[in-house]
Amino acid sequence: MTPILNVEHLTRIHGKGCDRCLTSTGPEHDTNICPHCGSVVAVADASFQLHRGEVLGIMGESGSGKSSLVKMLYFDDQPTSGRATYDLDGQSHDLFSLNEAQQRRLRDTAMGMVYQNPSLGLNFDISAGGNIAERLLMSDELRYGVIREKARALLARTEVPPARMDELPRNFSGGMQQRVQIARALSTGAPLLFLDEVTTGLDLSVQARILDLIMELQEESGVSMLVVTHDLGVVRHLTTRTIVMKYGRIIESGLTDQILEDPQAAYTQQLVSSAL
Amino acid sequence: MFPTDTMAQGHEGAEYGFAFLDEDAKRELRRSIFKAVCIPGHQVPYASREMPIARGFGTGGMQVTLALLGPRDCVKVIDQGADDSVNAANIRAFFSLTCPGVSGTTLTEAASVIQTRHRIPELPLRNDQILVFQVPYPDPLVLVEPNAATRRRMHGRADYARLWVKLYEDMVAFDEITISHRYPTRINGHYIIDPSPIPRYDVPKLHQADCLYLFGAGREKRIYAVPPHTDAIPITFADVPFTVEEFIDRKTGKRHCCRRCGATDSFLDEFPDEDGNRVFQCSDAAYCDSRLMQQEAAE
Amino acid sequence: MAYVAIRGGEEAIAGSARIMDALRTMGAGDPIELDQIERQMPLLHTKVMSEGGLYHPRLAALALKQSLGDSLEAAFFLRAYRSTKPRLGETAPHDTRGMRVTRRVSAAFKDIPGGQMLGATPDYLHRLFRFELMDEGAETFDEITRDWFGNRPEGTRPTTFPKVLDTLRDEGLLPPLAEDDTPPFDITRTPLIFPVPRSAQLATMARGETGGLLALAYSNMRGYGDVHPTVGELRVGYLPVTVPHPVTGKPVEIGEVQVTECEIVAMFEKTDEGAPVFTLGYGACFGHNEVKAIAMAVLDRAISVAAQNGRINNPSEDPEFVLLHVDGIESMGFCTHYKMPHYVTFQADMDRLRAARGKAEEPSHVSN
Chain U
1 MTPILNVEHL TRIHGKGCDR CLTSTGPEHD TNICPHCGSV VAVADASFQL
51 HRGEVLGIMG ESGSGKSSLV KMLYFDDQPT SGRATYDLDG QSHDLFSLNE
101 AQQRRLRDTA MGMVYQNPSL GLNFDISAGG NIAERLLMSD ELRYGVIREK
151 ARALLARTEV PPARMDELPR NFSGGMQQRV QIARALSTGA PLLFLDEVTT
201 GLDLSVQARI LDLIMELQEE SGVSMLVVTH DLGVVRHLTT RTIVMKYGRI
251 IESGLTDQIL EDPQAAYTQQ LVSSAL
Chain W
277 MFPTDTMAQG HEGAEYGFAF LDEDAKRELR RSIFKAVCIP GHQVPYASRE
327 MPIARGFGTG GMQVTLALLG PRDCVKVIDQ GADDSVNAAN IRAFFSLTCP
377 GVSGTTLTEA ASVIQTRHRI PELPLRNDQI LVFQVPYPDP LVLVEPNAAT
427 RRRMHGRADY ARLWVKLYED MVAFDEITIS HRYPTRINGH YIIDPSPIPR
477 YDVPKLHQAD CLYLFGAGRE KRIYAVPPHT DAIPITFADV PFTVEEFIDR
527 KTGKRHCCRR CGATDSFLDE FPDEDGNRVF QCSDAAYCDS RLMQQEAAE
Chain B
576 MAYVAIRGGE EAIAGSARIM DALRTMGAGD PIELDQIERQ MPLLHTKVMS
626 EGGLYHPRLA ALALKQSLGD SLEAAFFLRA YRSTKPRLGE TAPHDTRGMR
676 VTRRVSAAFK DIPGGQMLGA TPDYLHRLFR FELMDEGAET FDEITRDWFG
726 NRPEGTRPTT FPKVLDTLRD EGLLPPLAED DTPPFDITRT PLIFPVPRSA
776 QLATMARGET GGLLALAYSN MRGYGDVHPT VGELRVGYLP VTVPHPVTGK
826 PVEIGEVQVT ECEIVAMFEK TDEGAPVFTL GYGACFGHNE VKAIAMAVLD
876 RAISVAAQNG RINNPSEDPE FVLLHVDGIE SMGFCTHYKM PHYVTFQADM
926 DRLRAARGKA EEPSHVSN
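Protein chains in written order, with my numbering: chain U, 1 to 276; chain W, 277 to 575; chain B, 576 to 943.
Check before you lean on any hint, since a few could be wrong.
30 Å max Cα-Cα, derived DSSO-like pairs, lysine-lysine [stated by the list, open to error]:
1) 934/B - 481/W
2) 660/B - 640/B
3) 481/W - 442/W
4) 738/B - 825/B
5) 302/W - 660/B
6) 934/B - 527/W
7) 660/B - 311/W
8) 934/B - 442/W
9) 934/B - 150/U
10) 530/W - 481/W
11) 302/W - 481/W
12) 481/W - 738/B
13) 442/W - 914/B
14) 738/B - 685/B
15) 914/B - 640/B
16) 738/B - 934/B
17) 442/W - 150/U
18) 530/W - 934/B
19) 311/W - 481/W
These aren't lab readings, by the way, just hints derived from the structure by calculation. Since the structure is predicted, the reported quantities are computational estimates derived from the model, not experimental observations.
Bound conformation, chain U alone (with noise of 0.2 Å):
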């Protein structure tokens, strides 16, 4: 079967970029700074597949390229080479050889967000109800009452409470963001959801139950999820295979249980001790 989502040799080079970016950073240089150019390898020659209904997590301090990753895919980058194809409904979309059009469409129908900050996600100056209406209208529901529905829905089914549907988000806990990004990122029964750093900044109690939150959603809609995070308990939770990046370079991959409990990559042993 094919996987939803083919990533090939992805690069995002910020800066001028030289012949010997890759070859002179990465974890063997220690470090993502081009020492010729002084250009950021954020991401380099990255190559993975997501298949569907899987959840892949994506693992790495902060600066190893993790959310760069996730950010091209999601459209919100360029890369600088690679390409990605996206598989929906047995039609393969190439990503990055769409026009601007093609991919707000795709970024808008067929894909979800949640950003570790909510600001990023949400818009603080209308209501939550208006930030999933917001979703729905760009797929081209029109019927107000059918909005209103859906959008009542779905802030149930993600904890929010209804009587609060008319409220700016700018006055909800940050918990609660979160689950009204959630609700929006799912509006529109998009079967691939990128989900960067969700929990990080949250209090523990809540942490739990968000990730019990998209577990149960995932396993309702049988959604494809990647998610970033630095977090070993996130990872554990809710993925079944991970992938390590530390420099912009993937150094490890494999089923979560069998890198958590067997890491092969001196680094990824360093992660995972420095964690228990």
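Add chains W and B to chain U, keeping to what the hints say.
Just chains W and B, lined up with the frame of chain U:
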């Protein structure tokens, strides 16, 4: 009506030429107008010139009109529906001063070009007539996005969800769409325009009209058009119908009528009379006058 | 409803014009002469040319007279007049090193090649009234003039000077001047569609309204921005204007325009090439208006540096925010237009408010 012998005398003998603007400026305006007609609803940037009336007083509409006028034209100028409100009178005086040969009229049916602020005449316009709107804010997206470069991209991809979110938030707060004028209107299925501050009452007149509608924004330097026989649909939800002002008397349930001509099919101005009573009167003065004349003739 | 529903707006306007004219003349003594405006209020007079974007001393004086001294209105006259004039030709870029300088200071260096030259400035004058000016006669004017010519400093001084910034540039502390043959953006023929090149930025500010530029620049100076700028050089003087001869193509001098020019230097930035350099801001305008030139230079630098860093932190660094709001003719016009009748839109507003209130009053209404 317009004296043909008054050529304005400038300083040092420099006479102001026909239709004030230099010919290059008029040519550029016409090119922009053509482009606007070819891409219905698209805001075409143009090098708006400074006019001898202030920005905000109709310098955009005036430039469009000046670019259109030739000696055989007959022009009508209205503001708030009336030919003799101060701004309309002022602009008409300017045309009469700078466009010798052009005739003026207050009759809607007699005009070849009508410049207007805030209203569309009640009498349906014909295919040999052009209505020129004065536009303060050309871009409907300014409600939701302050950055002009971003707005241009949004228009290009018809990315208007945020405008609808504004309607959604309105419905949530008031159970009504509260936009009273400058109602966002989708032209030919793509671009959404700000139809200038006309009331909702006038918006349906844009749809599949016989005449050409031109919109000129002077300060913001944009020209756009709704050509004849083009779709112009006010944006709304599928299950929330667009409504117009109805002027229903809440006590009697009946429509208010014009105190002068008795019309019950026109946009009405409402104001307190000397005794503090609310009275209603046609906003379109020419329409009201012609009805009165017909009534007199019938008697 | 008095003024809006006037039947006969034309008479009202004619009446208003008559009152304005009466206001200008009634009990006003001798008519003010254009020369008097030009010579006795040169700072106001050149400000009008600068904001009007047209160097026409005589019409600028007439504009001030006709607009009863309102500098915004006067600049507006020049702008509107300009709309009627075709473009006959263009000058080549002019180098201000060729300026006949009447004043020139640098805050960066104690001594500069050619020397500091304080010239005419109110900067160090006490703002104490000289009450004797309340009753001045023509003979006082003559006396002052005679005195000035009689006691001029001995010796001849040069009238053109090198640029202070050339010194810094020679040392590599400033980015080198890039050769750029792109024709400058013509704001009178092309609307601003962002992003715009720097020439559009400079041209827009060069005819911007002094107060508007100052307010935005001041916000950048006092905290909604980053640095304390140093005035590398401020010069005031007369710039000879040349145009290509229609037959030979050789530059021919056709006159001179008074110009104020300011170059500011501020905190350095890293460059792609490596060694950090100072950042620069440039301001120039017609006439003698130092506040405008400095404010413009501060804003030019703020916008350019923000663009280089790809990050806008303050309104004064946002080209759209600055360039779309500093034009006096546009902002004044739009502010004025709110006095016009708006009763159709207000009627529409009332309709919507009543509808919304009606729904709110319905007892059965439940927010859905």
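Going through the hints against the structure:
{"no.": "1", "hint": "934/B - 481/W", "verdict": "27 Å, holds"}
{"no.": "2", "hint": "660/B - 640/B", "verdict": "22 Å, holds"}
{"no.": "3", "hint": "481/W - 442/W", "verdict": "24 Å, holds"}
{"no.": "4", "hint": "738/B - 825/B", "verdict": "26 Å, holds"}
{"no.": "5", "hint": "302/W - 660/B", "verdict": "12 Å, holds"}
{"no.": "6", "hint": "934/B - 527/W", "verdict": "16 Å, holds"}
{"no.": "7", "hint": "660/B - 311/W", "verdict": "25 Å, holds"}
{"no.": "8", "hint": "934/B - 442/W", "verdict": "19 Å, holds"}
{"no.": "9", "hint": "934/B - 150/U", "verdict": "24 Å, holds"}
{"no.": "10", "hint": "530/W - 481/W", "verdict": "24 Å, holds"}
{"no.": "11", "hint": "302/W - 481/W", "verdict": "28 Å, holds"}
{"no.": "12", "hint": "481/W - 738/B", "verdict": "63 Å, violated"}
{"no.": "13", "hint": "442/W - 914/B", "verdict": "29 Å, holds"}
{"no.": "14", "hint": "738/B - 685/B", "verdict": "15 Å, holds"}
{"no.": "15", "hint": "914/B - 640/B", "verdict": "24 Å, holds"}
{"no.": "16", "hint": "738/B - 934/B", "verdict": "71 Å, violated"}
{"no.": "17", "hint": "442/W - 150/U", "verdict": "18 Å, holds"}
{"no.": "18", "hint": "530/W - 934/B", "verdict": "19 Å, holds"}
{"no.": "19", "hint": "311/W - 481/W", "verdict": "22 Å, holds"}
Hint compliance for this structure: hints 12 and 16 are not met, and every other hint is.
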